[in-house]
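Engineer: So the protein sequences, as listed, match chains D and A. Residues in the first sequence are numbered from 1 upward in steps of one, following this note's numbering. Residues in the second sequence are numbered from 1001 upward in steps of one, following this note's numbering.
Honestly, the hints are just simulated from the structure, not real lab data. Hints are not guaranteed to be accurate.
[As the list claims (entries may be wrong)] The calculated lysine-lysine pairs, modelled on DSS-like cross-linking and capped at a C-alpha distance of 27 Å, are: (1) A:Lys1035 with D:Lys147; (2) A:Lys1092 with D:Lys63; (3) D:Lys31 with A:Lys1049; (4) D:Lys95 with A:Lys1116; (5) D:Lys95 with A:Lys1119; (6) D:Lys147 with A:Lys1116; (7) D:Lys121 with D:Lys63; (8) A:Lys1157 with A:Lys1110; (9) A:Lys1141 with A:Lys1219; (10) D:Lys31 with A:Lys1092; (11) A:Lys1119 with D:Lys147; (12) D:Lys121 with A:Lys1092; (13) A:Lys1119 with A:Lys1157; (14) D:Lys97 with A:Lys1116; (15) A:Lys1141 with A:Lys1180.
[Unchecked claim] From the structure, some residues in chain A lie toward chain D, with a derived Cβ separation under 7 Å: (16) Ala1068; (17) Val1117; (18) Leu1132; (19) Val1134; (20) Ser1146; (21) Gly1147; (22) Val1148; (23) Thr1167; (24) Ile1169; (25) Gly1190; (26) Pro1191; (27) Ala1193.
Virtual Cβ for every residue (Gly too), placed ideally from N, Cα, C.
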Amino acid sequence: MKKIFITLVLLFTVFIAIAHDAVSSNPNKIKIGWFVSPEYSTMFLTGHNGLAVGFLMGIKLFKGHLKVGYFNYGRSGPINRYTVNTKLPTGVTYKGKSSIDLRADYGAFGLMIAPSFTLPKSNVEIDFPVNIGSIGAGFYLAGNDRKTPDGRRVSEWENELFEGKDAAFA
Amino acid sequence: MKIILLTVTIALAGVCTANAQTSLDGSIGTSNQDKVSLNLALRKQFSEKFRAGIELQTSSVRYRFIGAKVIDEGLSTTLSFPFSIRFYEYQKLRLDFYSRVGVRFQGIDKNLATEKVLKDNTSVGLHLEPGLQVSLAFSEKINLQSGVTLPNLFELKPQFIFENNITNIFANVGYQLSQKSILMLKVNAGPAAGASGDSQKFNWSLQAGLRFALNKNQKSLSPQLDPTF
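Excised from the complex, chain D in its bound form (with noise of 0.2 Å):
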């Protein structure tokens, strides 16, 4: 799996790089240009490093100083392995045990605006993004907990485990 991913990575990074490439090397043919930018990201966390994959679409106006588009992102569970022991309440119990395995997981997505800049001869693009959106984040059973004990969802269980507070929205 985790050459799978790696493997992955490599070969999205370079399609990155030839979409950018490509519409930037045109300035003067194209005065409002366009991207779409397939993304992978890494988060250093203490202990571990936080994955997330989304992509980036938009516009390219004054000579593609300024872009402005959608972004979304996710950082889902298979591709972090992080998982956190986590105790339950007293006198709460899941499968006969007093603490379950969790994992987390978000989602974001919503408006970006970057100004962007060209190093002088080369095709290279440095973006400084704002994203102002709305993000959705989690924790969830992971491994063999999502196998309920009595054939229910395990959404069910998470809801509540957790007392209905599993999962937020900002």
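Based on the hints, put chain A in the right spot on chain D.
Structural biologist: Okay, now just chain A, sitting in the frame of chain D:
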């Protein structure tokens, strides 16, 4: 079922009779959802700007859902109608709006459905997938494509559920083997967000296959490969 058969027949008739480039795509793949999947697709280049087709995917299930509960065996079949519209083309670069509408059928053994406390051992779902595809003619023989599609899956039967939305980042490589054949390699990956119950949290898939020209007089073959999820 009759409506589906009628739709397929009309779509096939349209694809086969239109006087334009026609190709047959065959591929085999694997994913976090399916142990093995087989894809067959007919595609037609109706004009420089518009391409459409019909695609059938049949898979041996690895990790899917019926009624938002996990199934890890059985069969899944999706019949879909992909199409693309060219937005922009400049030299070697091209941007297409890409979309796919499909119907998905899933089924597992009845005993297993009882054991897993499922409402039914079969399900019918709807697949709606808009997206953007960027193509780059890397060389005379190699065409690269990347972009994003947003597959939305809804279970219609045994109960209506919004299953998930995937941010599917894809990368396709087409290598022209001859005037009438292209070797296809496809990679998809991206996070998924679901609603009620259990759902996928991340999807990936790998596929390899061949594209053939079907018309005898056809001198070229469209290099844009469909981002089949």
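Engineer: Quick check on the hint: Val1134 (chain A) CB to chain D CB, less than 7 Å?
Structural biologist: Given a least distance of 5 Å, the restraint on Val1134 (chain A) holds.
Engineer: Hint check: Lys1157 (chain A) vs Lys1110 (chain A), CA-CA at most 27 Å. Holds or violated?
Structural biologist: holds (16 Å)
Engineer: Against chain D, is Pro1191 (chain A) within 7 Å by beta-carbon distance?
Structural biologist: This hint holds: Pro1191 (chain A) lies near chain D, its Cβ roughly 3 Å from the closest one there, short of 7 Å.
Engineer: Holds or violated: Lys1035 (chain A) with Lys147 (chain D), Cα cutoff 27 Å?
Structural biologist: holds (20 Å)
Engineer: Let's test the interface hint: is any C-beta of chain D closer than 7 Å to that of Leu1132 (chain A)?
Structural biologist: At about 5 Å, which falls below the 7 Å cut-off, the nearest Cβ of chain D leaves the hint on Leu1132 (chain A) intact, so it holds.
Engineer: Does the interface hint hold: is Val1117 (chain A) within less than 7 Å of chain D, judged Cβ to Cβ?
Structural biologist: It holds, given that the least Cβ distance between Val1117 (chain A) and chain D is near 3 Å, below 7 Å.
Engineer: Any CB of chain D closer than 7 Å to the CB of Ala1068 (chain A)?
Structural biologist: holds (5 Å)
Engineer: Could you check if Val1148 (chain A) really has its C-beta closer than 7 Å to a C-beta on chain D?
Structural biologist: The hint holds - Val1148 (chain A) has a Cβ within 7 Å of chain D, the shortest such distance being about 4 Å.
Engineer: Would you mind confirming whether the straight-line C-alpha gap from Lys121 (chain D) to Lys1092 (chain A) stays at or under 27 Å?
Structural biologist: With Cα atoms ~22 Å apart, Lys121 (chain D) and Lys1092 (chain A) stay inside 27 Å; holds.
Engineer: Checking one constraint from the list: CA of Lys147 (chain D) to CA of Lys1116 (chain A), max 27 Å. Satisfied?
Structural biologist: holds (10 Å)
Engineer: Assess, step by step, whether the Cα of Lys31 (chain D) is no farther than 27 Å from the Cα of Lys1049 (chain A), and give holds or violated.
Structural biologist: holds (22 Å)
Engineer: Is it true that the CA of Lys95 (chain D) sits at most 27 Å from the CA of Lys1116 (chain A)?
Structural biologist: holds (17 Å)
In the structure shown, no violation is registered for any of the earlier numbered hints.
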